[in-house]
Amino acid sequence: MEIRHMLSALWRTRTGPILIAVQIAIALAALVNITYLITQRMEAYTRPTGIDIGNIFWVRSISYATDYDHKSAVETDLQWLNSLPGVIAAAATNSPPQTWWGIGMPFSASPDPKAVKEGARVYLMTARAIETLGVKLAAGRTFSPESVAPPTADFGAALQQWAPEVVITQALANRLFPKGDALGKPLYIGLVNKSAKIVGIVQTLQAAPISGPFEKFGNQVVVAPITPAGPNALYVVRTQPGRRSQLMAQVEKEMADRVPGRYIEQLQTLTKTASDTRNGMRTGSIVLGVVTVLVLAVSALGIFGLAVFNVTTRTKQIGTRRAIGARRFHILRYFLVENWLVTSSGVVVGCILALVAGVIMSRTMQTPRLPLYYLVGGVLFVWMLGLLSVLLPARRATEISPAVATRTV
Amino acid sequence: MMLKHDFLLALRSFRRNPILTALMVSAIAAGIGAAMITITIYHARAGHPIWWKEDRLFAVALDNRGSDHTGEELQRHPEYPPDQLTFRDARALYRSDIPDRAVMMYRTGRVVDSGKPGVRPFGVFARLTTADFFPMFEVPMLYGTGWARVADTTPEPVVVLSKHLNDKLFNGANSVGRTVTLNGRQFRVLGVVDTWMPQPKYYDVTVGSFDVAEDLYIPFGWSTALQLQTWGSISCVTPDAKIGGFESLLTSDCVMLQYWVEISGAAKLRRFKQFVDNYTLDQKQYGRFVRPTNNYIVDIPTWLRLHDVIGDESRIEAVLALLFLAVCILNTVGLMLAKFLGAAPITGLRRALGASRKQIVRQHLTEVIVVAAAGGVIGLALARAGLWAIRVMTFIPGPDDSPDKRALAESLSHMDYRMVALAIAVSLLTGVLAGLYPAWRIGKAPPASFLKAQ
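Chains A and B supply the protein sequences, listed in that same order.
For the first sequence, the numbering used here begins at 1 and goes up steadily by one.
For the second sequence, the numbering used here begins at 1 and goes up steadily by one.
Chain A with its partners taken away, still in its complex shape (with noise of 0.2 Å):
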């Protein structure tokens, strides 16, 4: 074929495609590490969480009064809560899920203390717990209303008094218990040295969207029957379907002035809990995702400058082709090739700088290697992309006359 002409050609014009070519391969080195990087975020944040997010809320209550009881207001609070009609069920908790807050401590299987231990997120929560979160139960049941601890002045203090029974998610259970024999067995509780029976494992209760290394942390739960301390408290409500806002009203507006010496700090919906945690990653992946666009789109503008340069220099040459018998799909060809070939040294050049800045970021990131498929899958786009730019100029190749080969220019 004309590959020969067509190289040689190139060559004596060599600027333009060059800079072509680089430009493509800055742009597949980007297009292929963002959209990954986006990617492993978005499969973090939209996850399945477990929880019924769309119908509960949270409130936040601070006490000032020196004479505020804490024990008395959490069960007045928790009686009143959960006798408001639409209210599906209440509980109290340390702290809200799908936040970055919360604690964070060492289980194992055995009371070994070299028995490998897992990090897991704990909630101290009441009765009832399960039902208010909405998240579903994989084996056996919800801790007894019975076991739960009564609440005591400090967070340490609530620890130490540790209740016989627990709810543990799969994950969790999985990576201690991985012969899947979970259920029943004592489960053993670092930095307070006390064991609990494991009565029931929930599929699903992701604590945190968290993604990269420590993303095993967001899913590993471990709801503890454990009044949270005081002086504050927090407590989790599930609504029925569409009267979440009507009681978050009326909860606003009555419970605060049923214990003295407290008022609502903070009243909120999940929704927004879950999606205020997710804001940061968010901006940061439109603010990356809208810069690689921009850089594909400054690629695409340069072959289209090139094609439409290089048209506009071979007219006559064009004609004299097309005079001399070259069909108008020749002339096309010859355009669709030529960018080709400046497009795929720019790709192979590209494919390097990809699986080299992939290395580099998840060295740092310690997240997992740049998979190859998204490499063959940005070669193919940026292909696409180099023949879409040169389609238009070179389908107006093909429609200069045979005639402007006999005029001059």
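I should point out that these hints are in silico values taken from the structure, not numbers from a laboratory.
On a predicted model such as this, the values are computed, not experimentally measured, just so you know.
Backbone N, C-alpha and C fix where the C-beta goes; we use that ideal spot for every residue, glycine too.
A hint or two may mislead.
[What the hints assert, rightly or not] The calculated DSS-like cross-link candidates involving lysine-lysine, where the alpha carbons are at most 27 Å apart (straight line), are:
hint, chain 1, residue 1, chain 2, residue 2
1, B, 116, A, 253
2, A, 197, A, 185
3, B, 405, A, 272
4, B, 53, B, 268
5, A, 216, B, 242
6, B, 284, A, 316
7, B, 242, A, 194
8, A, 253, A, 216
9, A, 117, A, 179
10, A, 253, A, 272
11, A, 114, B, 284
12, A, 272, A, 136
13, B, 284, A, 253
14, A, 197, B, 242
15, A, 185, B, 242
16, B, 201, B, 53
17, B, 405, B, 53
18, A, 71, B, 242
19, A, 117, B, 284
20, B, 168, A, 114
21, B, 242, A, 117
22, A, 185, A, 216
23, A, 179, A, 194
24, A, 117, A, 216
[Stated by the list, open to error] One-sided and incomplete, this derived list gives chain A residues near chain B with beta-carbon spacing under 8 Å:
hint, residue
25, 16
26, 20
27, 27
28, 34
29, 35
30, 111
31, 113
32, 115
33, 154
34, 279
35, 283
36, 284
37, 293
38, 295
39, 309
Guided by the hints, dock chain B onto chain A, whose structure is given.
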């Protein structure tokens, strides 16, 4: 004179090729816009909040971890000691008189009752700290002063307020000597801090490297007297550390205090390091500090680097944006070259009529620099708009936001005059880089080669 002529020629050339010119201007504008956005964010995160004192302030971290520590293998730098100290170690180090000043502190919270009718009590973050905090970190005082060191051991009912809290409680008046009610207990106001928000919040990076300062400062003596819990982070770093009530925190291996010293002179610093190492070696006899001695006494830049306050995110953004700028420059080179060669017959004519090679190069370079300057101006506007959008996306307004929070969001995306100057410099440099080769190429060509084709 010649410059003006070159400039007019450039304008004429733009009119000849408006689309191509617009493409070049927008490519440069997009490149500079994106680069300035990410560089501004990076620059804000890489700030030096107290640069004039960086040679005297040191963070202290001791490695009191047990032989194995859950999750350690996942950490990026398992070799770093925990970033905070236990109560017992902080108190032990505090006895040393080697440092000129020393601060041990942690974040807690209090409920403020303004006593005004109809105003509900509200919670604020408070910093429980020793007296040296104010002179050591050079906290600007609007009214009054901090407290004397004696309040660090025997609790005195005195506090220092933030400007925001003073505005809220006393409408901004000089409140020194007046009382505030914290959780039902009366405290006398000793001072009011002026607007102060060092970023990164280097003196406590454990609950977020970029955060507003606390609204209340309480003498350290109240820590045990009121059994004040931390509202920051606490981490138990030995396998046999037991979490219990507040009393047990005073002796357990759970870290929760930040520790800073001010030391001038290398000899003193060496002595203090020796003192700290001796202390941890000595503690081994009680079965603590089981690992090889690994105590960090580091200056602020090192401390911020250890905590990676800049973060992968802004680094990746900055690299990507600079690559993008490079792509834009390459693109402009390509488009410029095409444009110049397209107009080569005119150039050839000028050469034939006596324009020197130098004049041709200068004329074309002027044209590129005009394009780059226009791109730079639009890019600056784009950067401002982009930073504004990022601010809107990241700042979530709350019901009762301190003005500091808004200021924080703004400071993290603020383009100061240095950034603007940098943007102008970058756009001119872009112009020169993008124009040099095409201008040289077109200047090199012999005049006849272009005339011939006509």
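**Contradicted hints - numbers only** = Hints 6, 8, 13, 20, 29, 30, 32, 37 not satisfied by this model.
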